[in-house]
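> In full-length UniProt numbering, the protein residues as written are 1 to 223.
Treat the hints with care, since some could be wrong.
[To be verified] Listed next, the in silico DSBU-like pairs over lysine-lysine satisfying Cα-Cα at most 35 Å (straight line):
no., residue 1, residue 2
1, K114, K133
2, K181, K128
3, K169, K181
Think of the hints as simulated: they come from the structure by calculation, not from any bench.
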Amino acid sequence: MTTSELMKAMADAGAPFDAILIAVRAIEERDAAIEATRAAARERKRRQRANTRDMDGTVTGQSRDMDGTVTATPALSRPPNENNSNPPTHTHPETSPCASALARKAPAGGEFPKPDWADGSVWADFLKNRRAKRLPNTATAYRGFLADIAKLATGEWPPGRLLEHAVMKGWGAIYAPDELKGTANGKDIRTGGGTAAKPALVDIGRQVAAELEARGTGTFGRH
């Protein structure tokens, strides 16, 4: 699902314009965090390859100074009874088995980042709830979390309050508080109070989605 498709779905569901912008901003921040993590991983691999090439290009028993001069280095001594068929080897710190294992275990991160509007301690407790309930912190789950926030957010129930309410209830996802049950975006659905503004919200959502696509920012869902 692209950003424009998500925004259209949110607008069709009656999400307020501010909630749509909050969701888009959070998605863009998540994408930027993922790209930064991938860029750091690519740079780390590039340095490892460069170090490996430097080691392969160095003459055995010699080392290169910074100006390119080749200088002799003392040979490693062996125990008197050591078999000559097992010569000593140098292990580069950045290519050692321990360093390689740490690199493999480095977390990818960025799949479920904290939104700007969320309090740090509340967000940490929310993630604890998700772990306790064994809920996946994937990109798909994050999209659903943002969509739920956008559908329920109102002036009296902004995203931060909805998140804190979920944590207090011990939830690992966002559900409607009792005050919002039977309403659509803060308006009583039994009286039809929210139906008149819905076409305008749809038009606004489509307009914003078109502008994002024109600027080339509709990249969500391609990672």
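> Each hint: holds or not?
Each hint tested on the structure:
1. Our distance criterion of 35 Å between C-alpha atoms is met by K114 and K133, whose separation comes to about 19 Å.
2. For the given pair, K181 sits about 26 Å from K128 by alpha-carbon distance, which is consistent with the 35 Å threshold.
3. Between K169 and K181 the CA atoms are separated by roughly 16 Å; this keeps the pair inside 35 Å, and the hint holds.
Hint compliance for this structure: no hint is broken.
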